[in-house]
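Asker: Using the hints, position chain B against chain A.
Protein sequences, first through last, are from chains A and B. With the working numbering applied, the first sequence covers 10 to 399. With the working numbering applied, the second sequence covers 10 to 399.
Among the hints, a few may not be true.
No distinction is drawn between identical chains; accordingly, a pair holds when it is met within one copy or between any pair of copies.
DSS-like, lysine-lysine: derived pairs with alpha carbons at most 30 Å apart [unchecked claim]: (1) Lys183 / Lys67; (2) Lys97 / Lys238; (3) Lys86 / Lys97; (4) Lys22 / Lys183.
Please keep in mind that the hints were generated in silico from the structure rather than gathered at the bench. This structure is a prediction, so every number in the text was calculated from the model and none was measured.
Number of protein chains: 2
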Amino acid sequence: MRTYQFVHNTPTKVFFGDGAIEHLDEALSQFGKKVLMVFDKNTAKFTGLYDVVTGVFKDKGYEWWELDSVDPNPRLKSVVEGAEICRKNGVEVILAIGGGSVIDCSKGIAAITFYEGDDPWAPAVDSNLIQKVLPLVCVCTMASTGSEMDGGAIITNTDINVKAGYHSDLLIPKVSIMDPVYTYTAPKRQVAAGCADIFIHTSETYFDPADDTYLVDGFGEAIMRTCVKYGPIALKEPDNFEARANLLWAAPWAINGLVRGGRMSGWTLHGLQHPIGAYYDIIHGQGLAILMPHWMRYILSDKTIDKFVEYGVNVFGIDPNLPKKEIAEKAIEATEDFFFNKLEIPRTLSEIGVDDKHFEDMANQAVQGKNGMYVPLEKEDIIAIYKAAL
Amino acid sequence: MRTYQFVHNTPTKVFFGDGAIEHLDEALSQFGKKVLMVFDKNTAKFTGLYDVVTGVFKDKGYEWWELDSVDPNPRLKSVVEGAEICRKNGVEVILAIGGGSVIDCSKGIAAITFYEGDDPWAPAVDSNLIQKVLPLVCVCTMASTGSEMDGGAIITNTDINVKAGYHSDLLIPKVSIMDPVYTYTAPKRQVAAGCADIFIHTSETYFDPADDTYLVDGFGEAIMRTCVKYGPIALKEPDNFEARANLLWAAPWAINGLVRGGRMSGWTLHGLQHPIGAYYDIIHGQGLAILMPHWMRYILSDKTIDKFVEYGVNVFGIDPNLPKKEIAEKAIEATEDFFFNKLEIPRTLSEIGVDDKHFEDMANQAVQGKNGMYVPLEKEDIIAIYKAAL
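Just chain A, with the same shape it has in the complex (with noise of 0.2 Å):
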């Protein structure tokens, strides 16, 4: 299948290393003196930012909001809250200083601010809604989502158990600020979800079937690698600058479109993951890594074991020689004693509170997006996957 048929746009800025955030001036400025601050409390105490930051905002003369009530998995109540201050106050420009929740919560605002309708979910079903955006400046707390270098923003509508987002390319981010030392503090369960989230982001779009996308693949798998190499260490040593910088770098590429190669499919276990993270506050990665090794086993073939060798070989060093069903087993193994072993991430979804009630509903959700899956996968079949996962 030819694949190479797409539109690359990542314009964010981004000013990466120690000592980034003293471009803070620099990136707000440009759209003017009047920002909604979006955080987590915590996050910007322990990481000392909420200092610098309003420090930058007192010296050079900004008027500034807060909004630091944003949920792990953000909820559009948050994203309503910040759109009425910043419609109320002129707000020039938003600054998210956080992880994938506060940036997502961020966009969300921005995409909805101007929007004039009375229905604030309306631009998430329909993205065409989204025609002007306040513009978004982020510093990053957390390698994992990507957030700070995409169009995407994913938000929990509590009123229907649904988790879906905002999408447009006037989302992107105009500048990011990524220093490793502020990922430093992040708790060692967000840091190994975070880990697991950049490589299944990669994962998604490498399992695909397309022929043509060597290059692009062969970016997918350095990203794996890498976290397969530096997410234990940033585990074991929160202050290592070369795991929390290799780490925080490969994020945003896992996701702003390089490893894609013009494949928009894909993307089987975000489809499976999102309802469980509709009707339960999960961690998001910690839900796409119990998952995946059990939907590995479930779509394992003769049709697909060319893919899953090429996984083995080239992410966790199996050996060529060895017979194909071999390398795919071990594959999944290793996959397995990354998330569950290294990482420490729990192994099931009962661990995280998940139990069987809505598995039907989930799967209703789920299965919507068949179409898209590397191997379409009907209703029964996402149960399945959800029963061998509790």
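Answerer: Just chain B, lined up with the frame of chain A:
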């Protein structure tokens, strides 16, 4: 050495794939309808692009001027000529149709059209003089320099025999249209030289001392493996879409910052090749390829051997269990085999018309970049490498 400290900026919007030219009007019209079209007559004819583009112009009511006399190593005089056309006619946007020479010439024009000083070479010497530029849109016909996604333009000043360039983020193309089909008709030796150029852009950064660049070196290895795999196929089967697409998409990522990870030095071979290109009208990628193995043999030592081993194993698949010295030697031989047998690039400087008459002057120019080299070379070292390559 800690490297990860950099600004990443790739704002070019890329339309990639079969039929991407459909986006031409969308790409140009945002800037205006008065266009300077810079191209090479033969390329525009063989690809059919002249008719396609002027068809769009007529259809959509554009006014355009043509500069079709760009040399393979673009000269300052073409830049000056183009800028005069732009100033005289109030051109609003430049459209480059071609490979690196045409795009670089166009960037030069973009850089000096609004420059008010007397000397058009001055902004090449001092990039701070580049303050306001014309926007640039590219239609690529070659996988080579990657100029379609970066802010550099290499121009030859024949008055003083210097090959240098205009460099500014302002010169990064706004849009690049990259259709692999338009690279099918490129002359064979240009395809080979272009492939070597992509490879060496990557290796220049790869061979630079840094111990925390695991991720970006993985990206670089993917690019180099892509050149090794698809370069020979593109030569044998000019209309192999898969080969052309992988090479075309590899080119910009070899030079737009992705594989750098903050390293700003390396680039020894370009420092050695540019003085040759200033005296002799040779194909840039051929000059680089001829020099590379000799440079490798010259700098191989106990201090550099680990990088050669990494390169040999990860790019050429050499058995990692062999002794280091053997891997390094095999890696250099594999490089030679790739350039001179597989890509059929001439093996010596003599074969491309270079003699030893200017080695002194050339080495004097090249040695100025000494401090940025992976292994710093003195004038005598550089002359020795030139002589070995003769």
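Asker: Does each hint hold? Answer for all of them.
Answerer: For each hint, the structure was consulted:
For a Cα distance limit of 30 Å, the shortest separation of lysine 183 from lysine 67 inside one copy, 23 Å, qualifies, whereas the shortest one across copies, 36 Å, does not. Taking CA atoms no more than 30 Å apart as the test, lysine 97 paired with lysine 238 passes in neither setting, with 47 Å inside one copy and 58 Å between copies. Proximity of lysine 86 and lysine 97 under a CA criterion of 30 Å is satisfied intra-copy only: 17 Å inside one chain copy versus 56 Å between copies. Taking the shortest Cα distances, lysine 22 and lysine 183 sit within 30 Å of each other both inside one copy (6 Å) and across copies (14 Å).
Of the numbered hints stated above, the single one contradicted by the structure is hint 2.
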